[in-house]
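**Q** These are the residues of each chain, in order.
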Amino acid sequence: MGFQIRFLTLPDGYPATVKDQWSFFETANAAQQAGLIRAAEGGEGVRIEIRSISPSHALDPGRLLQTATTSGWRVAMGSGSSAIAADIYTMQGGDGGGADPESQKLPQLACMRKGPNIAAMMRAIAMIQKNDPPESFDLPGGSFVIGLLNSPELFTDALWLQPETGDSKDLWIVPYHTVISNFPLMRAYRAADFCTYVRPIADKWKILEKPMLSVKRAKGSRQGSTGAPSPP
Amino acid sequence: MAKISVPFINDLQEQDLWCWAAVSANVYNSALQLLGAAKRKQCEVVQAVVQAAAGSGPCTNPNNFNDIKTADAGLEVLGMADGFPDNSNLDIALLVGELTPVNTSDPEGEPVCAEILWDDNATHFVAVSGVNPANNTVFVEDPYLGPGNTVEYRFQQFLDHYGAKDPKSLRPARRGTVKTFQKVKRAPGP
Chain A
4 MGFQIRFLTL
14 PDGYPATVKD
24 QWSFFETANA
34 AQQAGLIRAA
44 EGGEGVRIEI
54 RSISPSHALD
64 PGRLLQTATT
74 SGWRVAMGSG
84 SSAIAADIYT
94 MQGGDGGGAD
104 PESQKLPQLA
114 CMRKGPNIAA
124 MMRAIAMIQK
134 NDPPESFDLP
144 GGSFVIGLLN
154 SPELFTDALW
164 LQPETGDSKD
174 LWIVPYHTVI
184 SNFPLMRAYR
194 AADFCTYVRP
204 IADKWKILEK
214 PMLSVKRAKG
224 SRQGSTGAPS
234 PP
Chain B
139 MAKISVPFIN
149 DLQEQDLWCW
159 AAVSANVYNS
169 ALQLLGAAKR
179 KQCEVVQAVV
189 QAAAGSGPCT
199 NPNNFNDIKT
209 ADAGLEVLGM
219 ADGFPDNSNL
229 DIALLVGELT
239 PVNTSDPEGE
249 PVCAEILWDD
259 NATHFVAVSG
269 VNPANNTVFV
279 EDPYLGPGNT
289 VEYRFQQFLD
299 HYGAKDPKSL
309 RPARRGTVKT
319 FQKVKRAPGP
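Chains A and B, in that order, are what the protein sequence lines are.
In this text, residue positions in the first sequence follow the working numbering: the first is 4, and each later residue adds one.
In this text, residue positions in the second sequence follow the working numbering: the first is 139, and each later residue adds one.
Since the hints were derived computationally from the structure, they do not count as laboratory data.
Worth double-checking, as some hints may not be accurate.
A partial selection of chain A residues facing chain B, derived with a Cβ cut-off under 7 Å [unchecked claim]: (1) Phe28; (2) Leu109; (3) Ala113; (4) Glu156; (5) Phe158; (6) Val182; (7) Ile183; (8) Asn185; (9) Trp208; (10) Met215.
The C-beta atom is built at its ideal place from N, Cα and C for all residues, glycine as well.
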């Protein structure tokens with residue numbers, strides 16, 4: 004028995020968000036805009052939930068998705084140079100820019116992405132769907148829901164595969180972009196194995212008692228610093 | 139008003155904590171592109187900031203210098219920091235002003251660097267290479283993504299949720315992900 008990938012359906016009203024708000028952006032041409040709207044409505048393309056974790060969550064791989072929060076959804080279509088994605092965020096607005104009442108409305112079409120990164124994501128999804136190469140996606144049989152694992156602090160973009168049928172309950176992660184050295188991409192990792200690769204970065208953030216922000220030094224010397232380890 | 143943008147070289151950051159050096163080098167190299175001069179490597183920016191001993195610096199042992207710094211430090215050593223990072227100017231008018239060409243002797247405007255704060259005290263730096271004030275969108279160059287991956291963000295979502303994050307618990311200055319803008323002056327160092 005092989006495995007299958009299932010895309011979730013966007014919540015009610017979200018396709019209308021794409022339809023109503025795409026005109027704020029110029030990244031997508033007319034054909035891409037139409038394609039993204041069709042994808043949001045369930046047509047050709049992908050719809051994946053964006054689940055965000057903090058770096059510290061990567062230190063507890065057994066609860067990776069349980070500790071995640073939904074940040075929104077990504078609708079994407081195309082491949083190679085034509086790949087494009089629209090991210091719908093469902094988070095409450097921050098309190099620094101309250102002048103924009105739009106930020107308080109949910110959901111919002113937050114950004115448009117295209118380029119090699121989105122092409123890599125679409126390629127990863129296609130590889131998983133085709134189970135190609137099979138040695139890279141040695142998943143148990145059954146159906147898996149696919150989504151986007153979001154933790155920009157770990158400098159790794161990845162897809163999560165959560166079993167919904169079959170005997171296995173294991174979460175699988177497929178990274179498709181990273182700046183971590185010697186981290187092979189485009190293959191399925193168990194959550195614990197994935198976390199082994201990103202743990203060193205999570206540990207680097209964990210040791211900071213407070214963030215190293217330049218704003219702390221804005222009124223003083225540029226050479227002052229807080230919290231960061233010193234170079235040898 | 140239509141989109142205002144500057145040419146930008148968004149090379150990938152070479153170490154996981156070198157976003158600050160990558161943004162600084164990218165800003166410098168984007169300015170030099172107009173002059174046809176040689177590019178500055180990220181490790182050279184790191185070296186200029188940390189002043190490591192000759193022969194054992196970040197260009198020969200980059201892993202040993204994979205540390206958290208801030209982009210203003212990199213821009214400073216490159217002679218391109220225009221004032222200090224500022225948390226009081228997080229508005230789209232600043233971006234329009236910086237990105238707009240001033241006169242014929244300054245054929246391009248300047249990008250603006252943004253300092254990001256995420257969960258668990260994680261910081262990051264990106265550059266804004268364009269703005270569309272009519273649509274309230276900005277064009278973000280993230281050294282984590284590398285070349286050809288410009289992301290168009292609605293400005294308020296950029297400020298509040300860059301990277302699809304919701305840092306509710308973080309309040310050093312304001313809630314949200316963008317903490318400061320750093321202006322750049324087009325005066326590449328030697």
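**Q** Failing hints, ascending?
**A** 2 and 8
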